[in-house]
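K.L.:
So the chains spell out like this:
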Amino acid sequence: MATTRTYRPAVPAGRDGFGRLLLAEWTKLRSVRRWVLGLLAAAVLTIVISLLAAAGSGTDANQEPNFVVGPDGQPVVDDFHFVHQPLSGDGSVTARVLTQEHSHQWAGAGVMLKEIATSGSPYVAIMVTPRHGVRLRSNFTTDLPGSTDTVPRWLRLTRSGTSVTGYESADGVAWRKVGTVDLHGLPQSVEIGLFVSSPPEVVIERQAGSTSVGGHPTSGTATFDHVQVAAARPQQPATWADEDVGRSPARGEATETGGTFTVTGSGEIAPNPPPDDVVQTSLFGAFVGLMAIVAVGVLFITSEYKRGMIRTTFAASPRRGRVLAAKAIVIGVATFAVGMVASVTAFLLAQPILRENGFAPPAFPRPSLSEGPVLRAVVGTAALLAVIAVFSLGAGALLRRSAGAISAVIALLLLPVIVAGVLPTSAARWLMRVTPAGGFAIQRAKEPTEALVEPWSLIGPWTGFGVLCAYAAVTLALAFWLLRRRDA
Amino acid sequence: MRRALRAEWTKLRTVSSTAWLLLAAVAFTVAVGTLATASVDTSQCPTPTTCFEDTTKLSLTGVWLGQIAVVVLAVLAVTNEYGTGMIQTTLAATPQRGMVFVTKATVVTATVLAAATVGVLGSLLAARSILPGNGFTPANGYPPLSLADEPTLRAAIGTVLYLGLVALLSLGVGTAIRDTAGAITTVLTLLYVFPVIAAFVTDPQWHERLQKLAPMTAGLAIQATKGLDQLPIRPWAGLGVLAAYAGAAMLLGAALFKLRDA
Numbered sequence: 011m012a013t014t015r016t017y018r019p020a021v022p023a024g025r026d027g028f029g030r031l032l033l034a035e036w037t038k039l040r041s042v043r044r045w046v047l048g049l050l051a052a053a054v055l056t057i058v059i060s061l062l063a064a065a066g067s068g069t070d071a072n073q074e075p076n077f078v079v080g081p082d083g084q085p086v087v088d089d090f091h092f093v094h095q096p097l098s099g100d101g102s103v104t105a106r107v108l109t110q111e112h113s114h115q116w117a118g119a120g121v122m123l124k125e126i127a128t129s130g131s132p133y134v135a136i137m138v139t140p141r142h143g144v145r146l147r148s149n150f151t152t153d154l155p156g157s158t159d160t161v162p163r164w165l166r167l168t169r170s171g172t173s174v175t176g177y178e179s180a181d182g183v184a185w186r187k188v189g190t191v192d193l194h195g196l197p198q199s200v201e202i203g204l205f206v207s208s209p210p211e212v213v214i215e216r217q218a219g220s221t222s223v224g225g226h227p228t229s230g231t232a233t234f235d236h237v238q239v240a241a242a243r244p245q246q247p248a249t250w251a252d253e254d255v256g257r258s259p260a261r262g263e264a265t266e267t268g269g270t271f272t273v274t275g276s277g278e279i280a281p282n283p284p285p286d287d288v289v290q291t292s293l294f295g296a297f298v299g300l301m302a303i304v305a306v307g308v309l310f311i312t313s314e315y316k317r318g319m320i321r322t323t324f325a326a327s328p329r330r331g332r333v334l335a336a337k338a339i340v341i342g343v344a345t346f347a348v349g350m351v352a353s354v355t356a357f358l359l360a361q362p363i364l365r366e367n368g369f370a371p372p373a374f375p376r377p378s379l380s381e382g383p384v385l386r387a388v389v390g391t392a393a394l395l396a397v398i399a400v401f402s403l404g405a406g407a408l409l410r411r412s413a414g415a416i417s418a419v420i421a422l423l424l425l426p427v428i429v430a431g432v433l434p435t436s437a438a439r440w441l442m443r444v445t446p447a448g449g450f451a452i453q454r455a456k457e458p459t460e461a462l463v464e465p466w467s468l469i470g471p472w473t474g475f476g477v478l479c480a481y482a483a484v485t486l487a488l489a490f491w492l493l494r495r496r497d498a
Numbered sequence: 708m709r710r711a712l713r714a715e716w717t718k719l720r721t722v723s724s725t726a727w728l729l730l731a732a733v734a735f736t737v738a739v740g741t742l743a744t745a746s747v748d749t750s751q752c753p754t755p756t757t758c759f760e761d762t763t764k765l766s767l768t769g770v771w772l773g774q775i776a777v778v779v780l781a782v783l784a785v786t787n788e789y790g791t792g793m794i795q796t797t798l799a800a801t802p803q804r805g806m807v808f809v810t811k812a813t814v815v816t817a818t819v820l821a822a823a824t825v826g827v828l829g830s831l832l833a834a835r836s837i838l839p840g841n842g843f844t845p846a847n848g849y850p851p852l853s854l855a856d857e858p859t860l861r862a863a864i865g866t867v868l869y870l871g872l873v874a875l876l877s878l879g880v881g882t883a884i885r886d887t888a889g890a891i892t893t894v895l896t897l898l899y900v901f902p903v904i905a906a907f908v909t910d911p912q913w914h915e916r917l918q919k920l921a922p923m924t925a926g927l928a929i930q931a932t933k934g935l936d937q938l939p940i941r942p943w944a945g946l947g948v949l950a951a952y953a954g955a956a957m958l959l960g961a962a963l964f965k966l967r968d969a
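Residue numbers (the working numbering), protein chains in the order written: chain A, 11 to 498; chain B, 708 to 969.
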């Protein structure tokens, strides 16, 4: 009697787990030579164009005649009118700001202690402003808010060793402490007195391909009385001197009649970093690299439709949503990896070129990958490419035609950038907030600014990137829904 | 020759995407041009007469978007034949490859030029009715847009030619690459990425050099009617730059078309 043996295939039965699906999609991606070349081209283009952009950029920020360096080595602007006298050792200055002209919302009138009466030297100042109350400021970075009251206001600075304390008062009797700052290394002898500042009114004009930052200086007048300098140790009675500190084009002046000082001053006391973002410049090639990414992202699904492969794919894995999810993960992760290599390489290679072209300290501190914003920009560039790839995949799944999908994605990504260049600032900002082009903001390591021609520098990095992600998510969701409804 | 032309025209006209793309080219051009014109008014300037707004150029802004449809149309005219294998039938029917190439280019360009004329005239007409309402009145130094005005006529004709040259460029690249996705990506990179890079390179010398070399920025210099002395390149010279790109792409396409197996 013949024994029957059940046929057992040597190959174990296939499982339809998600892992298998990922593997299948990965195999498709890596086995099409064109796509692999496309991803490689994206990386190479990103690096090469970044280097070209770095080589083609230049600045003379460090050579500018108005360039002033603050105590910490950062670029600052330090323009105001200073009525001062020397103070040796501990002591204090008190004054009542009687009136203040509203020449600018950040105009300042108050008392100041400054190492020497030269732009950029260490200082502490307490002042009233027309719109922002009382502020205690020091060394261009410290800004402690006091009360929200305006003039008339009593102000006082007291020096004890290297620490300086600011007080304010409504009546000159009851004093309230605003804050204490420590001016490390403050010499024995300093200048102490009254100051008035009034920042310039800045006007930024955008035109096709260029941004011009213009403006005009403002100057404000304030009156002070009850001015009193008290030294802890008796010293020679000093006389008041007054001068314009810095280079504001508008001249200031000061007069005294019967103990009332009338001081007119112009200029701003603030950090003044140049707007250019060296991190972004070194990642600029992503603009060109993304073109290849868009093509691969779209083709990753449209070519399946074109060749009919999609039917095999869906026969093997009938749950279509999972196929799309697997595709999105595979293309996203692959692009992120390629993008990471490209952006780190571009950043590291382009920085020395940029430094040679003038983007050097002190105007441009050396960016390091250990700083949060720099890391955000470099990793963000890889993430940007990955999200663009997923967005392209979604568009491809939605339109099922490579020609339409590629043109649509590229138009959405690049046209707003070109159009925003000729729009007024408010319209350009709005355009960046509603189109995926705002996603390029993630490549910036500096605060949003209106002074640059790049329109995405008008919005915050996460705002722009969020909008791009939303576009990708909505496109993918729409594709997911249509994929289940339509015949393949 | 006439039969070849007829064959190409039949192929182009019977594909449904052609009509849609031509419609898109016209609609995008007019719509974006109208939007751009409507969004600018003299209240943004200190006084209306100091706006120096180039209203002709402004009203033709839509070409930036409209040209995408032209690129897709021209690329598809070639790559679709390769994608479907139709090219073998075409070459079997007309073995003179040079003639196939020339007739295809003629038919596609003529179609695009016709659509471009409609788009450009539509944009100018729309702008003509919008501009006075936004303060661009004759009293403020802005006579109504008119083709009788020589710079405006040059801008209008130039813009139509610009789209025709973009079609030739796309056709050449499409023939050379023979793949829809690759060809479209290449042409759009040439058109869009170039000016983006040029705009953000801060070195003034490089900035100007790139603007002169970029096919889109150079080519669209033809639209300028004001401040001609401040342009990086003269209007017709700019269109010449684009023509050089288109010519080079066509030569490359023709050479490869003759040399390679279909």
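Warning: the hint list may mix true and false statements.
On the chain B side, residues computed to face chain A include the following (Cβ under 7 Å) [claimed, not checked]:
1. Leu712
2. Ile775
3. Val779
4. Ile837
5. Thr887
6. Thr892
7. Thr896
8. Leu897
9. Phe901
These are computed hints drawn from the structure, not numbers from a lab.
Every value quoted in this text rests on a predicted model; they were computed, and no experiment measured them.
Heads up, the beta-carbon is just placed ideally off N, CA and C, and yes, glycines get one too.
K.L.:
Tell me the hint numbers this structure goes against, listed in increasing order.
P.N.:
1, 4, 8, 9
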